[in-house]
Amino acid sequence: MLKRTPWLNPESWASLKPMGLGETKPHHLLETLKVAWDNRDQAAYAWRILNQGVCDGCALGTTGMRDFTLDGLHLCTVRLNLLRLNTMPALDAAHLADVSALHQLSSRELRNLGRLPYPMLRFAGERGFKRVSWDMALGLLARRMQLMDPQRMAFYLTSRGLLNETYYVAQKVARFLGCPHIDNAARICHSPSTTALKASIGEGASTCSYRDWLGSDLILLIGSNVANNQPVTTKYLYHAKQNGARIVVLNPYQEPGLTRYWVPSVPESALFGTALMDHFFQVHTGGDLAFLNGVLKALLEREDAGEQVLDQAFIAQRTTGFGALAQQLRQADWAKLERLSGSHRARMCELADLLAKARSAVFVWSMGITQHSHGVDNVRTIVNLALARGFVGRENCGLMPIRGHSGVQGGGEMGCVPDSLPGGRPLNATTALEVSERWGFEVPSSPGLMAGDMLDAAAAGDLDLLYAIGGNFLETLPDPAGVEAALHKLPLRVHQDIFVSSQMLVEPGDCVLLLPTTTRYEMPGGGSETSTERQVIFSPEIQGPRIGEARTEWQVLVELAQRMHPERADKIAFADSAAIRREIEQICPDYQGIAALSQAGDHFQWGGRLLGVERFRTPDGRAAFACVQPPEQDLRPGEFRLSTRRGKQFNSMVQRDVDPLNGAHRLDILMAAEDLDSLNLRSGAPICLESAYGRFEGFAKAAPLVPGNLQAHWPECNGLLPPDRRAKPSGVPDYNVSVSLHPL
21 MLKRTPWLNP ESWASLKPMG LGETKPHHLL ETLKVAWDNR DQAAYAWRIL NQGVCDGCAL
81 GTTGMRDFTL DGLHLCTVRL NLLRLNTMPA LDAAHLADVS ALHQLSSREL RNLGRLPYPM
141 LRFAGERGFK RVSWDMALGL LARRMQLMDP QRMAFYLTSR GLLNETYYVA QKVARFLGCP
201 HIDNAARICH SPSTTALKAS IGEGASTCSY RDWLGSDLIL LIGSNVANNQ PVTTKYLYHA
261 KQNGARIVVL NPYQEPGLTR YWVPSVPESA LFGTALMDHF FQVHTGGDLA FLNGVLKALL
321 EREDAGEQVL DQAFIAQRTT GFGALAQQLR QADWAKLERL SGSHRARMCE LADLLAKARS
381 AVFVWSMGIT QHSHGVDNVR TIVNLALARG FVGRENCGLM PIRGHSGVQG GGEMGCVPDS
441 LPGGRPLNAT TALEVSERWG FEVPSSPGLM AGDMLDAAAA GDLDLLYAIG GNFLETLPDP
501 AGVEAALHKL PLRVHQDIFV SSQMLVEPGD CVLLLPTTTR YEMPGGGSET STERQVIFSP
561 EIQGPRIGEA RTEWQVLVEL AQRMHPERAD KIAFADSAAI RREIEQICPD YQGIAALSQA
621 GDHFQWGGRL LGVERFRTPD GRAAFACVQP PEQDLRPGEF RLSTRRGKQF NSMVQRDVDP
681 LNGAHRLDIL MAAEDLDSLN LRSGAPICLE SAYGRFEGFA KAAPLVPGNL QAHWPECNGL
741 LPPDRRAKPS GVPDYNVSVS LHPL
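Our numbering numbers the first residue of the sequence shown as 21 and each following residue consecutively.
The set of hints was computed from the structure by calculation and includes no laboratory data.
One should not assume that every hint holds.
Claimed, not checked - Okay, derived cross-link-like pairs now, EDC-like style, lysine to aspartate or glutamate, Cα gap no bigger than 16 angstroms in a straight line: (1) LYS748 with GLU288; (2) LYS37 with GLU327; (3) LYS377 with GLU323; (4) LYS509 with GLU542; (5) LYS377 with ASP237; (6) LYS356 with GLU652; (7) LYS591 with GLU603; (8) LYS150 with GLU129; (9) LYS150 with GLU457; (10) LYS356 with ASP654; (11) LYS509 with ASP476; (12) LYS150 with GLU659; (13) LYS218 with GLU652; (14) LYS218 with ASP640; (15) LYS509 with ASP473; (16) LYS377 with GLU457; (17) LYS591 with ASP476; (18) LYS377 with ASP439; (19) LYS591 with ASP610.
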């Protein structure tokens, strides 16, 4: 509930300059006008998408331009900048006849060529692609796949606007073919969150809702830059502050967008900006675990001294494992925690004091926590802290791994992962048999390959087919040269997408097939999306132009499976998208109600507003604390910790060369002013970074970082990253690396 607040609250203003004139900041009005101009040829269709559709940007979730948290307009530049992908005209297929010139184009320029209109085919040795019919494309694909061992196939789905129905059918088709290797884009972002949360509380999802932000005492943003990646949340943060919340940020870099932001939908904030962040705690890259362990250690010491700062009743009645964790933390050395975190004991005690005094808190985290080789332990440390204070399972409290893409929450819940079946069933002989009996065909019972492992298998010559729906491994995974070599080694690649990407242009091992697909707004019968807060929202089909011969992903997959096995085609048949939803409801217990979704505005929230209110979905009904140790991160003399960051982009789709929040160019390397001084460098100086895996040239840019830490943009600096260092057991790549720095 929103409290009645004054019309103006000068104490929260970021600047006295009207609309932040002269500040480095997003110019929302100008950006909106540019989007309108870019979509002027399909203005009516663009308006219908915004007014009727479910956002294909981040996973906050909307129905049209309304959300489920606050009254008023829900619209942000992330969604606006994606709009042209849905309204752009068809690509001139002649561009693909000779791809040599396309190699010189950036990914943004490739997208701007237009939508893929027809199936296109290219064989090894050919200069480019030629148009083929759907019958020829699927016939060729089916014949080749019939000769393959299903263990040598792999299916991967991105989160590019995909709907639950597509994820569900894709994983069912893969298993229908006997292939266990099916994965989705969550593997390279929030898979550690899912792994850790399931182990801790039995749920791989947020335990609370965005409404809980509005009444919470504290909102902790840990390794998350929502102003850049989920900018509409700044509206929630504004209103939470008006209600008395304090916003705490734990991060290596003091993000300008979290320091102050001009919320365009709030007149006061649009004029004077809002100082969002109340407390900032700075750590080394990868130092979050040590810092949070120190915070809980400080709380324990206060408890041992006789204060009541932990929720002992909650710990005793609803959790397990606290004793072992408490013993470990009592023995932890403060000096070591300070060294590994890059912070000080006093700062850890300061955050402990904020938590001790708070009646409620919501913990929000993102890629800064998960994209580490110790990403699972990072998340479990956050869970430890929340459980110790009893901040789970009640109003205005919770754990929220905030999703940056609209499809990833539902993808895993639909079973589009190699180690789980629909409904969150862990894949084993028993569950595979159960699902086999429901579906009428044998389901592979052994877990398949995760996304990174698929590329390893391709490089080793152990994979014959990669069927990719969206995505671009060439830009999202470390070691681009190794990824390109692995893609080239695949005998058969299928890329089903709405536009041309750089990975499509990699020379075929034998054959590359491009299949044009529809957007979520063109899917016949509509579909559904699951948001970060577990809202399952109906996304209607929207009338408008259709591109060439583009077909919906799930329909193509079903026809392919039926061509391969016509003798049991009825086992993989769906009359329409409503039939898919009916089957999802039968096999996914949490999705009771999805079959009734049929109109714009239809939605439900699985699990309700809060999870874990009475018991957790673990075998014993209790949440589990975990003993986790911070990793050693000592650097050799002259080395720096490099972390990757996002700018003005959506996933790897770079939209602007300059980040409007901090003014950084794509080749800028952010570093502490102290490091610039010690190296006798000025901001803007050309420098080179070298790791054990590659080299990157860019420009030094002073930034509020802990000395010894650097940040550079992803995917530009991916060549510096370790190719096979992944978090166990989640499989997320480590997007951090030690580097040396050399002036040029």
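So, going through the hints one by one against the coordinates:
1. LYS748 with GLU288: violated (46 angstroms)
2. LYS37 with GLU327: Measuring from Cα to Cα gives roughly 46 angstroms; hence the hint is violated.
3. LYS377 with GLU323: Given that 16 angstroms is the threshold and the Cα spacing comes to 13 angstroms, the pair holds.
4. LYS509 with GLU542: violated (34 angstroms)
5. LYS377 with ASP237: holds (9 angstroms)
6. LYS356 with GLU652: Roughly 10 angstroms separates the two Cα atoms, so the pair holds.
7. LYS591 with GLU603: It holds: about 12 angstroms lies between the C-alpha atoms, which stays within 16 angstroms.
8. LYS150 with GLU129: violated (21 angstroms)
9. LYS150 with GLU457: The given pair, whose Cα atoms are some 43 angstroms apart, is violated under the 16 angstroms limit.
10. LYS356 with ASP654: holds (11 angstroms)
11. LYS509 with ASP476: Given pair LYS509, ASP476 holds - Cα atoms ~11 angstroms apart, limit 16 angstroms.
12. LYS150 with GLU659: Violated, at roughly 49 angstroms.
13. LYS218 with GLU652: Outside the cut-off at roughly 26 angstroms; violated.
14. LYS218 with ASP640: This hinted pair holds, its Cα atoms lying about 13 angstroms apart.
15. LYS509 with ASP473: holds (15 angstroms)
16. LYS377 with GLU457: violated (53 angstroms)
17. LYS591 with ASP476: Distance ~32 angstroms between LYS591 and ASP476 Cα, so the pair is violated.
18. LYS377 with ASP439: violated (41 angstroms)
19. LYS591 with ASP610: violated (24 angstroms)
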